[in-house]
Amino acid sequence: MADTASAPARPTLDTVAVAAGDPDREQPWAELGLKGDEYDRIREILGRRPTASELAMYSVMWSEHCSYKSSKVHLKQFGELPQETPVGPMLAGIGENAGVIDIGQGYAVTFKVESHNHPSYVEPYQGAATGVGGIVRDILAMGARPVAVVDPLRFGPLEEDDTHRVLPGIVAGVGGYGNCLGLPNIGGEAVFDATYLGNPLVNAGCIGVLKHEDLHLAKASGVGNQVILYGARTGGDGIGGVSVLASETFDADGPAKRPSVQVGDPFMEKLLIECTLELFQAGVVAGIQDLGGAGLSCATSELASAGDGGMRCELDRVPLRDSTLSPEEILMSESQERMMAVVEPGDVDAFMAICAKWDVEAVVIGEVTDTGRLEITWHGETVVDVPPRTVAHDGPVYQRPYARPEWQDALQADAAEALPRPGTGEELRATLLQLVASPNLCDKSWITDQYDRYVQGNTVLAQPADSGMVRVDEETNLGVSIATDCNGRFAKLDPYAGAQLALAEAYRNVATGGATPLAVSDCLNFGSPEDPGVMWQFAEACRGLKDACAELGVPVTGGNVSLYNQTGETAILPTPVVAVLGVIEDVRRRTPSVFQVSGDVVVQLGSTHEELSGSEWAHVVHGHLGGRPPAVNLANEHNLARALQDLVGTITSAHDLSDGGLAQALAEAAMVSGIGAIVGLKDLAQDPFVCLFAESTARAIVTVPADKLDDLMSVAARHAVPATVIGTTGGDALVVEGQFEVPLEELRTAWTSTLPAALGE
Amino acid sequence: MKVGVVTFPGSLDDVDAQRAVRIGGHEAVALWHGDADLKGVDAVVLPGGFSYGDYLRCGAISRFAPVMEKVVEAAKAGMPVLGICNGFQILCESHLLPGALIRNDHRKFVCRDQLLRIENNRTPWTSAYTEGQEIRIVLKNGEGGFVADAATLERIEGEGQVVARYLEMNPNGSLNDIAGVTNERGNVVGLMPHPEHSVEELTGSGTDGLGFFTSLVEKAFA
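Residue numbers (numbering that gives the first Met the number 0), protein chains in the order written: chain G, 0 to 760; chain X, 0 to 221.
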């Protein structure tokens, strides 16, 4: 598309020599998102003004998105957690592309969740698609075969026009890209709240599996080793995407930044995956890095600073889609589906042959040196000559001011426990039907049916189960499980507790499937760090998550931060999405999440308290958000998880109690299975409304054959988990004794109609 | 029997098809799109996926892969060939099967457990089923709408070339609810749903798809 005839004349190439001889040239540091003191610091590091290419590199690498400059001081504490899971030491941790944990039998797993929020608002399909693409390459760069994806999503109110603009595109993008890669989508969330209008959250997670010996780390070692760029050609897409998009707040009248969003080619990525795995298999990769945010600037500086000290690259050798691109644009381009490998000279031919087999273009663009410098040339002239660490790791660190917002006390004082409640059986019945049909609790098939959950043939659990689970080894039936959760309303009421509740729910969801929770990754979505109130939410959430991980004995293996999710003065609900990864030795023994047969005894594990603030009931029925979130009790969560593991094989199903409380859990277990239940609430020590709709933590419902009830009770007692028999499965209705009865068909109609009615069949 | 499974660039369900072939009691042989060599197999499966990214038109580029020359040659000589989803599209583009597949009428990708009726159990891929048998197997496609001109449609209906039909709901707008068809000779079958994902209790929609892979044996002994 380049029309060279009409292109404006290029300014003279800004080389290191030119920069040295022209120290006072005005440079567009502010337009590139740098602050004045940051620009001064670059001049200080280099002892001269940066060249245009150097300025481009520093500006993208020192952006909020790449440098974590506002969040770093708070994220540091995750590194203080013991670097081991309940089954052993971590194989790679924070700072790598993704953390790697041992799952036994010689296998390791890597997993991570990343945000692609701002691009998805601008261009829903491509933003979401490239979000999936980026996280998959992160996992691939660790030497792992990607085996599944998850997609925690947040949208504005379902009835809003802009939700109708972004949601279908985002869902189609997640599906279009993931489906085309052949990765089953095994979990995620779709949550609706007014604060996400104009700030949808697209978090994409991926799990990869590898053998211990296949672990690859991002470093450029071995002087003389060749640096190979392979995959898609570099184009003008996504230039400045990172610094311009991810680090700025949208104005109320919306962005006009369409060209900054990257465009994905999942077919190219599929070839890149298979090609890269074959390269690993052949043993021809000494170091590897994916190209994501900040493109070549990031890959060259990170590889060089993690290696032996230096790297020299000839930028003019980079294959281009658009021959008019300048060196600084090539350095900033975020064209997708690219990887960079460090290869021993003797392996280059074998490397190239494998790339050719997969029709993947590969070019040697440089080599590892011992100069301690990252030197980049453009047709023989040096345009970059910097210490790589100063680009990749020595970016600015901000101690942003933070303060508990003035309104926090008033918010917490406005408890939902004081709101008018349904009293009669008829009112409870109507409340149940209203809640199951509400956007956050309704059937999400409209979304999940657009995702391939079966490809690879190893999916053991996927929607609508509490957690996703895939088989890792067909011989031994070893498997892994993942759940992602966050209730942003709880986090708004109390960010410290909210982050802990997110962890508790994901941890519990992994346990209900029969897996052992091992490790945590997070995706921390917040508003502007320049608002002290938002910064306080962020600091509190980090502190809460760290304390909870310490208590549960699970490490944080890595994470991602997305700030500036706000429109004008309105920040999103603080949304620290927590992913918990678990392992299960035999996937054939997983616990299903819905009723299996009629005649089983239904038992509630855990106890219910009068906890209604931040609940779905308060949100849906009263449009209310206030009070304090449910109490966190991690000892109880831990005990419940241990009990659920010991009950594998005894119980026939287990379902977590969270959003919508016991009522929603019973409804889902019945609607999905087509098996009803008759339950009584009198032994739960609360009034019927609280029993049904409170969102107390550390609870699950399980079903058990009558002849195994004693076994269940003794396991529960051993772990100090309260167990209350509440009913029996069977029939074609959900019956709450003495209160109401709803035919499953009526429930199902209410549950399944919401999204199709709003979004079209 | 030795059953070849072709991998094109962008094939996704090739490993799954190989697994289903093995569970069906056969030896799975990996075939590569760039090799004009069937490695002595007795039957071929063209698996699902997005070969060549589905760019231009689903199956339109794969049709020209070197391996397809041999597949077409063998199919015309009577070798059993099964095309699943993208494989079905490739078989139509290769003119081994009548009709064509177009974008789903609702214009969204759809993944669901789909009820089908087996309409023709006289092919080497469906002989393990009874005629009229109802099975539930995985369906997932973006461009699964089967279309043909009126004359072709009448002919394939009249000749019993419809192999399977959607029941309960039509997931993609296929004419006459057609989920799968065979050629006049009956050795080449194209199916939009994915029987290879329904061969294990644990990981799919049950085991109703296994018959497509056990049929080969039963045919051999018939």
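Incorrect hints may appear among the rest.
[Stated by the list, open to error] Pairs of lysine-lysine, BS3-like flavour, derived with a Cα cap of 27 Å:
# : chain 1 : residue 1 : chain 2 : residue 2
1 : X       : 1         : X       : 75
2 : G       : 356       : X       : 38
3 : G       : 443       : X       : 107
Quick caveat, the hints were computed from the structure, so don't treat them as lab data. Just so it is clear, the structure is predicted and the values come from calculations on it, not from any experiment.
Outcome of the hint check:
no.	hint	in the structure
1	X/1 <-> X/75	holds (18 Å)
2	G/356 <-> X/38	holds (19 Å)
3	G/443 <-> X/107	holds (15 Å)
In terms of the numbered hints stated before, the structure departs from none.
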